[in-house]
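A.B. asks: Each chain, letter by letter, is given below.
Number of protein chains: 2
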Amino acid sequence: MLHEEWANYGACYKYQPMDLIRKYFGEKIGLYFAWLGVYTQLLIPASALGVAVFLYGCLTVDTNVPSQEMCDERLNFTMCPLCDRVCDYWQLSSICSTARTSYLFDNHATVGFAIFMSLWAAVFLEHWKRRQRCLQHSWDLTGMEDDEVRKSTFPHNVILYRIIVFAVMSMNPDHEAKANVRVTVTTTAVIINLLVVLVLDEIYGAIAAWITELEIPKTESTFEEHVILKAFLLKSMNAFAPVFYVAFFKGRFAGRPGDYVYVFKDFRMEECSPGGCLIEVCIQLGIIMLGKQLIQNNVFEIAIPKLKKMYRTYKEEKDGSADEEDKDSKREPQRWDLDYDLEPYEGLSPEYMEMVIQYGFVTLFVASFPLAPVFALLNNVIEIRLDAAKFVTEIRRPDAVSAKEIGIWYNILSGISKFAVITNAFVISFTSEFIPRMVYQYLYSETGTMHGYTNHTLAYFNTRNFKPGTAPHDTDFDRQLRICRYKDYRDPPWSPEAYQLSKQYWSVLAARLAFVIFFQNLAMFLSMLVAWLIPDVPRSLKEQLKREKALMMDLLLTEEADKQCTQSHPLTTTNNDMKWNNTPPFQHLASDHHSQCQATHAINNSSLTSQWRLNKHLQ
Amino acid sequence: MLHEEWANYGACYKYQPMDLIRKYFGEKIGLYFAWLGVYTQLLIPASALGVAVFLYGCLTVDTNVPSQEMCDERLNFTMCPLCDRVCDYWQLSSICSTARTSYLFDNHATVGFAIFMSLWAAVFLEHWKRRQRCLQHSWDLTGMEDDEVRKSTFPHNVILYRIIVFAVMSMNPDHEAKANVRVTVTTTAVIINLLVVLVLDEIYGAIAAWITELEIPKTESTFEEHVILKAFLLKSMNAFAPVFYVAFFKGRFAGRPGDYVYVFKDFRMEECSPGGCLIEVCIQLGIIMLGKQLIQNNVFEIAIPKLKKMYRTYKEEKDGSADEEDKDSKREPQRWDLDYDLEPYEGLSPEYMEMVIQYGFVTLFVASFPLAPVFALLNNVIEIRLDAAKFVTEIRRPDAVSAKEIGIWYNILSGISKFAVITNAFVISFTSEFIPRMVYQYLYSETGTMHGYTNHTLAYFNTRNFKPGTAPHDTDFDRQLRICRYKDYRDPPWSPEAYQLSKQYWSVLAARLAFVIFFQNLAMFLSMLVAWLIPDVPRSLKEQLKREKALMMDLLLTEEADKQCTQSHPLTTTNNDMKWNNTPPFQHLASDHHSQCQATHAINNSSLTSQWRLNKHLQ
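Those protein sequences? They're chains Y and F, same order as listed.
Position one of the first sequence corresponds to residue 1 (the UniProt record's numbering), numbered consecutively onward.
Position one of the second sequence corresponds to residue 1 (the UniProt record's numbering), numbered consecutively onward.
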């Protein structure tokens, strides 16, 4: 039935049959699919708005003054060469198309969308809490004991994986720096990077498990939580580091014409393409999200299990031929034998991990790539059915494990949401051109419009200031060219502080930082407001709980009255007092028992009374 | 006994007898005193560190270069007049003492102390949660029902008190602006302000209650919460607005010599004294904290109740003489008659409110006034005994109200703690001189030391640029004086952009804002870490709870076995199944009952077995 109703692409538009899933697979897997369902459902409005923001960009790109100016050949900005000796001067209008594409993702609407997504994350977490409470109630998990003791000290090997993490971080940029010495965005580099990421991903999972084994944690669930946390830290570093690098570091320390910064004397610090770093972030996110999902879904989740199965079948056949005379082999293969042929169940962690990393992409960089929710949504609609099919047909039926909540994953999601506010604030203020444009319009523009913005962002360079041997070797431009331009806020050559960071630079920096503070506090305040306005427990459930509690209390009290003095040993009786009176247990054990017992005796056997009270309550 | 053991100054050094208090006054008042105790106890380390920071300032004041430079008469900075026409030029060295005092509160140690206090607030909240859990357990409040339904919509009259709040905010500065047109800090103004604050305080309490009555909330506890929240918003505005004004707004929009900003054409925007705004904040905090506490404790909490009592006694005597022949009057006065003479009990809100506002002063402005915790500690040591004496002797014994937690107050405290992080970040970066000093030392100083800092912070003004009629009318200085100095970052008269904000201004601003981001995120992260590392439930309590639960479960199960089939009506029996099995209630009500009943019958009467299981568990 599950196979028909659920693990089927045809059922995409339907709600998932949660209760069936829970009955067959147990609460833990049920919760995972419930969570995935809530997440996917809430991605729908986010995607819709993301597409709207993108369309807004498409529609207004022709009225956008800065990209018009960049495309205007009459303005004729001659730009300085982007590297020493081998690069030539170039015309700004040559990067017109990049500028226009960049605007699609970098307009006013994006800022609003980023704030919306912070709220969205808060709403999602709250909504999930409510759904979880409802499921806990209808699956009756509320009474479950919480067996774990939260460890209150840090694992002793924090330093070890800090080092690993740093190695990853320093390795990735280096790798890339070598891959694209030239300044154009080579999508091949991103794809290579993606492959490296995918391979490292598998390795890190193993490392995390290994490190945690060294710790010898107390219980299995503690062990699982520790593995998850470590694996998440490593894998998210792996997944997000390249994006962070491009968004916040690439091109920030590249120097200026005539004084480019070199590392190891040979490699120039790479710069973003002249269109800006944002468009590179977009490309990278697009490729990673699409590619990761396609490859991970197809190769890791479908192809490799298939291969493993083939290998096992092959091995078993070989084994089988070795002991052909085994008596069991003659028997008709039973259902469990067939099931044993399936893949063993390896826990939910990989599924959660994949989704949580995706959640990271959706929230962390939504300011630079509003289409991320759409990609995620498309992936998830497929993913739910793919996972479903996998659980129903591909792997052995897992032991039904009971679980009260999604555990450490909730904390990770909440952490990502908090971190996302900061990331988005920095993306908007430092990666996008939103702030410089605002500052120009309100502080420097004489007409109050954006006209002249491009000129304002370009600094002047006197070609006589090239250091010996760094001037373009071979140029199509006039050899007598005196002044070329470059994108930076620096004082012009004729100022007393030539090539120093200009006042504009500092004012724009101050505005960027002020925006970060403003955005962060606004988003945090709104998220807190959302979390406060949406109660954790839905009102209907709360009332039902209250009703049930009152009912149960009533029942117990009436029963108590019936039973009180018919019992033989006193301990059993007072145990009930202990529960229903607001007094410390065992305090009035001996003293009160007798008097109470006699008092109750008087109303004993009056089951009519209790029956009446019960009926009254049920009405 | 309470009077001897607790409501006595002699008992200051002892712990409070919590269980006695709870027994006599009920849980609600018990929780208040427990909370006050935890708060006071945790103020001790904060005070110690605050004093240490202050002493560090005292000890290093002689080695501090900026204040040395300000006191050095040889440097001979001639400062511009601080107002138009009537003010004269002045020597910077004349404010030497203010500069030295200012340093006591504005040094490197303060920054560390501010971070410490953010952590302190987090520790305090966590510690209180733990203590509350322990008290809940030992007073057996865990089973208590939570009767309130949190309202999920904003009160409809939010706008009304927003307007009131704005009126308060705009009124206070105005009031002050009139009070001190001259630029010296007149402590009288602060004292007048304090009196206004104290009177408004009483009025606001009434307003909050009145507004909430308009809302018609559902239950008494909802009503109380709403009153508290509104009263808190109004009262805290009242208490903190003057401090906020001095810390963040005073002198920020005052203009520059030759172009001072005027409001209503008559009143100059006031400026802080040349020593800086920080010292004014200190004075204000000192006076408010000391004064508020002294006046509130003595006048409002002691004198006014005494007067009320005297008035009532007087009135009763008059009444008594009117109906002298009343038969009751002949009787010997009983205990309850005497008690009736005491003040009626008016709820805990004023006590909490006072403490929470104090907590606000301690955390919000700790960066500008490290001695705040000491003042608070001194006040609280007295306050506990004063409140105790009041409850025991001055007012009628209140009804013992049961309460599970301190309710809305916890949320208010947590809100203050979050807000405090932001306030302290801004105080350090904008009110203190910490950031300009750092920027000078690492960006502009040629020697890498602080020498020349004072010169660097003073801008140049050409006396010929005075607008007609604004130059000093009558001066002791040379009439040929060409250049005077003023404290601002502006370009000198000889630059092409004379009197514009200089590059230094923008770089310092950027540094200030960067510091805010850094500080806020660091403090938030550390607070979260603290909240995560300190579990809400102490380990010992957790283990005890687990043991009790297991014990109870065992007892119930054995009892169940004894009882199962002796009962007459099935509903009562299955009610227990419902509780102890992890299945939805009433689902297997009819079907399972009979089979289970028969199975239980087999082991019925075998109370020996259950007794054995119980004993095993107890060992």
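Hints were generated in silico from the structure; no laboratory data involved.
It is possible that some hints are incorrect.
[Claimed, not checked] Okay, derived cross-link-like pairs now, DSSO-like style, lysine-lysine, Cα gap no bigger than 27 Å in a straight line:
| # | chain 1 | residue 1 | chain 2 | residue 2 |
| --- | --- | --- | --- | --- |
| 1 | Y | 549 | F | 549 |
| 2 | Y | 129 | F | 418 |
| 3 | F | 418 | Y | 418 |
| 4 | F | 129 | Y | 546 |
| 5 | F | 129 | Y | 418 |
| 6 | F | 292 | F | 308 |
| 7 | Y | 129 | F | 542 |
| 8 | Y | 129 | F | 129 |
[To be verified] Partial pick of chain F residues on the chain Y-facing surface, computed with a CB cut under 8 Å:
| # | residue |
| --- | --- |
| 9 | 198 |
| 10 | 199 |
| 11 | 203 |
| 12 | 252 |
| 13 | 419 |
| 14 | 507 |
| 15 | 510 |
| 16 | 513 |
| 17 | 514 |
| 18 | 521 |
Quick caveat, the model's predicted, so the values are computed rather than measured.
The beta-carbon is built from N, C-alpha and C at its ideal position, and this holds for glycine as well.
A.B. asks: Now look at each hint and say whether the structure bears it out.
C.D. replies: Now for the hints, and whether the structure bears them out:
1. Y:549 <-> F:549: Distance ~18 Å between residue 549 of chain Y and residue 549 of chain F Cα, so the pair holds.
2. Y:129 <-> F:418: 23 Å, holds
3. F:418 <-> Y:418: 14 Å, holds
4. F:129 <-> Y:546: Answer holds: residue 129 of chain F to residue 546 of chain Y is near 25 Å, not above 27 Å.
5. F:129 <-> Y:418: Judged against 27 Å, a Cα distance of about 23 Å means the pair holds.
6. F:292 <-> F:308: Holds: residue 292 of chain F and residue 308 of chain F sit about 21 Å apart, inside 27 Å.
7. Y:129 <-> F:542: 24 Å, holds
8. Y:129 <-> F:129: The given pair, whose Cα atoms are some 22 Å apart, holds under the 27 Å limit.
9. 198: 31 Å, violated
10. 199: 32 Å, violated
11. 203: Hint on residue 203 of chain F: violated, closest Cβ of chain Y at ~29 Å, above 8 Å.
12. 252: 14 Å, violated
13. 419: 10 Å, violated
14. 507: Constraint on residue 507 of chain F satisfied, holds at 5 Å.
15. 510: 4 Å, holds
16. 513: Cβ of residue 513 of chain F sits 4 Å from chain Y, so the hint holds.
17. 514: At 5 Å from the nearest chain Y Cβ, residue 514 of chain F passes the 8 Å test, so the hint holds.
18. 521: 7 Å, holds
In terms of the numbered hints stated before, the structure departs from hints 9, 10, 11, 12, 13, listed from lowest to highest.
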